[in-house]
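So the sequence lines, in the order shown, correspond to chains A and B.
If you count the first sequence from 1, position 106 lands on 106 in this note's numbering, and the numbers rise without skipping.
If you count the second sequence from 1, position 24 lands on 24 in this note's numbering, and the numbers rise without skipping.
Watch out, some of these pointers could steer you wrong.
[What the hints assert, rightly or not] Here are the simulated DSS-like pairs of lysine-lysine, each with C-alpha atoms no more than 30 Å apart in a straight line:
| # | chain 1 | residue 1 | chain 2 | residue 2 |
| --- | --- | --- | --- | --- |
| 1 | B | LYS26 | A | LYS40 |
| 2 | A | LYS186 | B | LYS13 |
| 3 | A | LYS186 | B | LYS64 |
| 4 | B | LYS13 | B | LYS39 |
| 5 | B | LYS118 | B | LYS39 |
| 6 | B | LYS13 | B | LYS26 |
[Stated by the list, open to error] Below, a sample of chain B positions facing chain A; criterion: calculated Cβ distance under 10 Å:
| # | residue |
| --- | --- |
| 7 | ALA29 |
| 8 | VAL32 |
| 9 | ILE42 |
| 10 | PRO66 |
| 11 | THR86 |
| 12 | LEU88 |
| 13 | VAL111 |
| 14 | MET113 |
| 15 | ILE115 |
| 16 | ALA116 |
I should point out that these hints are in silico values taken from the structure, not numbers from a laboratory.
Quick caveat, the model's predicted, so the values are computed rather than measured.
Beta carbons are placed, not taken as given, at the ideal position from N, Cα and C, and that holds for glycine.
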Amino acid sequence: MPVTRRFELLEKLVPLLQDELVVSNIGFPSQELYFLGDSKRHFYMLGSMGMASSIGLGMSLGTHRRVLVIDGDGSVLMNLGTLSTIANFGPANYILLIVDNGAYGSTGDQPTHTSGKTDLAAMARGAGVSSVIEAGLEDIASALEHARQNNGPHVIVIRVAPGSPALNPIPLSPVYIRDRFIRESKRL
Amino acid sequence: MLSVSQRLLESLKQHGADFFVTVPCKLSAELVRLISEDKEVIHVAPTREEEGVGICAGVYLSGKMPVMVIQNSGIGNSANALAALTQLYQLPLLLVCTHRGSPGERIGAQVPMGIAVKGILDALEIPHFSFNNHSQAEQVGGLVAYTQVAQRPVAALLGFDFWREGV
């Protein structure tokens with residue numbers, strides 16, 4: 001079992017981000033991303049569990065910018081059809097990073113099915129995603145670079161340990177997040 | 001003479017719709033086929049309407065104007081995303097719904113959701129408008145402008161007679 005949590009993964013990931021538009025999942029993932037470094041390129045999803053991968057898919061079809069979704073196992077399991085829609089309609093500039101901690105982290109680390117018998121990388125392949133990258137925490141830089149250099153859609157699955165630091169809710173209003181993001185997404 | 005589906009798609013596009021998410025219905029079969037063949041618009045077919053609501057949010061955030069073509073049952077499938085995403089962030093989205101389970105329906109199983117859909121839309125504070133004549137295709141297209149002015153989702157419920165030519 002991995003001993004490092006999503007927070008330590010995001011600590012490694014945030015300095016690697018370039019011009020990607022980023023969608024972050026509801027709850028702790030968005031709070032951790034905001035804490036590690038706010039950006040006008042970030043869309044913090046505050047509600048609608050399960051929708052992060054779909055929001056990012058819509059963005060990647062609406063812009064030529066590269067889109068990175070930071071999602072979780074519980075959320076992907078709540079919207080499993082997304083994997084087949086990504087496989088069939090996902091464009092080259094789409095990257096779905098599933099940070100799989102085997103738990104519903106924001107509600108108290110109750111186990112998800114990936115703590116049991118379920119393998120999300122295998123499900124992504126079964127859905128028809130041709131680029132599925134299973135990586136360890138140490139490989140995040142090379143996995144991201146591979147996704148940048150090759151045509152997607154890409155699904156990256158990284159197993160981490162459950163658990164999160166105690167952080168505050170994001171102090172930005174939804175409409176502020178919306179307007180700031182739209183200005184940025186139209187920039188290029 | 002253009003069909004109601006041809007006039008509806010043309011009107012939606014004229015009002016700025018350039019991205020279509022569709023979940024099939026027998027009534028909208030021609031419209032969905034026309035969308036899938038139209039090179040001027042982007043078309044995505046998700047597995048479920050809730051997924052479509054997420055896709056449409058991303059589409060608007062990246063600068064395009066989305067329309068979802070679904071059955072009214074899809075409003076039930078996507079209620080949480082419509083409230084906690086589209087309404088929360090005040091995102092325009094036109095929901096073009098075939099109104100199954102309304103008068104003209106032949107399948108009894110469609111009726112409960114046909115009756116419930118307006119109450120669900122009311123509870124979600126989504127303005128909705130019913131259309132029951134094919135001559136109203138251009139009015140449905142005009143809702144693309146309204147959803148952008150309103151900065152919230154807007155629904156059109158298209159009854160059986162809307163899809164029947166010459167009524």
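Going through the hints against the structure:
Among the hinted pairs, LYS26(B) with LYS40(A) is inconsistent with the structure: their alpha-carbon atoms are about 43 Å apart, more than 30 Å. Restraint check: the Cα-Cα separation between LYS186(A) and LYS13(B) comes to about 21 Å, which is no more than 30 Å; the hinted pair holds. Taking the CA atoms of LYS186(A) and LYS64(B), the gap is about 10 Å. The hint holds against a cut of 30 Å. At roughly 12 Å between alpha-carbon atoms, LYS13(B) and LYS39(B) fall within 30 Å of each other, so this suggested pair holds.
At most 30 Å may separate the alpha-carbon atoms for a hinted pair to count; LYS118(B) and LYS39(B) exceed this at roughly 34 Å. Proposed proximity of LYS13(B) and LYS26(B) is supported: the alpha carbons are some 22 Å apart, at most 30 Å. A least Cβ separation of about 20 Å between ALA29(B) and chain A goes past the 10 Å threshold, and the interface hint is therefore violated. Below 10 Å, beta-carbon pairs count as interface contacts, and VAL32(B) has none with chain A, the closest being about 15 Å; its hint is therefore violated.
Hint status for ILE42(B): holds, given a least beta-carbon distance of 6 Å to chain A, under 10 Å. With its C-beta approaching chain A no nearer than about 7 Å, PRO66(B) sits inside the 10 Å limit, and its interface hint holds. Interface restraint check for THR86(B): the shortest CB-CB distance to chain A comes to about 8 Å, inside 10 Å, so the restraint holds. With 10 Å as the threshold, the beta carbon of LEU88(B) comes within range of chain A, its nearest partner Cβ sitting at about 5 Å, so the hint holds.
The restraint placing VAL111(B) at the interface with chain A is violated, with a minimum CB-CB distance near 26 Å, outside the 10 Å limit. Checking MET113(B) against chain A by beta carbon gives a least distance of about 20 Å; that is not within 10 Å, so the hint is violated. Against a cut-off of 10 Å between C-beta atoms, the interface hint on ILE115(B) is violated, since the closest Cβ of chain A lies about 26 Å away. Annotation: interface hint on ALA116(B) violated; nearest CB of chain A at approximately 21 Å, more than 10 Å.
Consistency with the previously given hints fails for numbers 1, 5, 7, 8, 13, 14, 15, 16, ordered from lowest to highest.
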